[in-house]
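Q: Sequence:
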Amino acid sequence: MKKLFLATVLVISSVAAAQSETYRCKFHDPGRYNTIPKEVLVKVAPNNAGAEVVDPILLSERQAPKAARFVDNNSKLLRVRWRVDGATFRGGAKSDMDFSMVYRKARNRASITLTIANFDNTDSGTGHCVLE
1 MKKLFLATVL VISSVAAAQS ETYRCKFHDP GRYNTIPKEV LVKVAPNNAG
51 AEVVDPILLS ERQAPKAARF VDNNSKLLRV RWRVDGATFR GGAKSDMDFS
101 MVYRKARNRA SITLTIANFD NTDSGTGHCV LE
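Numbering follows our numbering, with no gaps: position 43 of the sequence shown is 43.
What the hints contain is simulated information worked out from the structure, not anything from laboratory work. Among the hints, erroneous ones may be present.
Derived DSBU-like pairs (lysine-lysine); straight-line CA-CA distance at most 35 angstroms [as the list claims (entries may be wrong)]: (1) K66 to K76; (2) K66 to K94; (3) K38 to K66; (4) K26 to K38; (5) K105 to K66; (6) K105 to K76; (7) K38 to K105; (8) K76 to K38.
Derived Cβ-Cβ restraints for the label pairs, each shown as a range [claimed, not checked]: (9) T115 to Q19: 31 to 37 angstroms; (10) G92 to A49: 36 to 42 angstroms; (11) D29 to R90: 18 to 24 angstroms; (12) T115 to R90: 14 to 20 angstroms; (13) F119 to N47: 33 to 39 angstroms; (14) K38 to G86: 18 to 24 angstroms; (15) L77 to P30: 22 to 28 angstroms; (16) G92 to Q63: 15 to 21 angstroms; (17) A49 to G91: 36 to 42 angstroms; (18) T88 to N48: 30 to 36 angstroms; (19) N48 to N108: 32 to 38 angstroms; (20) Q63 to N34: 17 to 23 angstroms; (21) F119 to S60: 17 to 23 angstroms; (22) V102 to A49: 30 to 36 angstroms.
For clarity, every value in this text was computed on a predicted model and none was experimentally measured. Note that beta-carbon positions come from the ideal geometry of N, C-alpha and C, so glycine has one too.
Kindly generate the complete structure, drawing on both the sequences and the hints.
A: Here it is, written out as structure tokens:
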């Protein structure tokens, strides 16, 4: 799985336009329910026209990199939201996983929050990002 994630990262990085920005964010805490990805890659399109997100959960669910549903990228922070469609859980249950990530650039602090459709539980974690 780690090799698949790295291969996907290389493909996305190699096609990045000169004005696009690619952030690699690492999260140290897997959250209370072990649902926070260890690494997230966000490629922001030129002129902040959108973003593409890759994480290990998307890859384990055999889903392509996702177009972010919301992007806000400025000199102070990067905010992005994306969904993993129909993720499979123990016991065979399936549900959408909605992620929201905020990266505060000056502090090099990233936070991520997960909400799972039809469940009351949320999960969160913290980490840092680098601009590649």
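Q: Are the hints correct? Go through all of them and say.
A: Cross-check of the supplied hints:
For the given pair, K66 sits about 24 angstroms from K76 by alpha-carbon distance, which is consistent with the 35 angstroms threshold. Note on K66 and K94: the hinted pairing holds, with a Cα-Cα distance of about 18 angstroms set against a maximum of 35 angstroms. The suggested pairing of K38 with K66 holds, with an alpha-carbon distance near 17 angstroms, which does not exceed 35 angstroms. This hinted pair checks out: K26 and K38 have alpha carbons roughly 6 angstroms apart, not beyond 35 angstroms.
For the suggested pair K105 and K66, the alpha carbons sit about 23 angstroms apart, so the restraint of at most 35 angstroms is met. Straight-line distance between C-alpha atoms of K105 and K76 comes to about 6 angstroms, which keeps the hinted pair within the 35 angstroms bound. Taking the CA atoms of K38 and K105, the gap is about 19 angstroms. The hint holds against a cut of 35 angstroms. In summary, the hint linking K76 to K38 is supported, as the alpha carbons are separated by about 23 angstroms, within the 35 angstroms threshold.
Between T115 and Q19 the beta carbon distance is about 32 angstroms. The supplied range of 31 to 37 angstroms therefore holds. With their beta carbons about 39 angstroms apart, G92 and A49 fall inside the hinted range of 36 to 42 angstroms. Under the hint 18 to 24 angstroms, the C-beta atoms of D29 and R90, about 21 angstroms apart, fit the expected range. Our hint of 14 to 20 angstroms for T115 and R90 holds, since their Cβ atoms are close to 19 angstroms apart.
For F119 paired with N47, a C-beta distance near 37 angstroms keeps the hint of 33 to 39 angstroms intact. Between K38 and G86 the beta carbon distance is about 22 angstroms. The supplied range of 18 to 24 angstroms therefore holds. The hinted range of 22 to 28 angstroms is satisfied by L77 and P30, whose Cβ atoms lie roughly 23 angstroms apart. Separated by about 18 angstroms at the C-beta atoms, G92 and Q63 satisfy the suggested range of 15 to 21 angstroms.
The hint said 36 to 42 angstroms for the Cβ distance between A49 and G91, and at roughly 40 angstroms that hint holds. The hinted range of 30 to 36 angstroms is satisfied by T88 and N48, whose Cβ atoms lie roughly 33 angstroms apart. Our hint of 32 to 38 angstroms for N48 and N108 is violated, since their Cβ atoms are close to 20 angstroms apart. Checked against the given bound of 17 to 23 angstroms, the beta carbons of Q63 and N34, roughly 19 angstroms apart, stay inside it.
At roughly 19 angstroms, the beta-carbon separation of F119 and S60 lies within the given 17 to 23 angstroms, and the hint holds. Evaluation of the 30 to 36 angstroms hint for V102 and A49 yields a failure: the beta carbon distance comes to about 20 angstroms.
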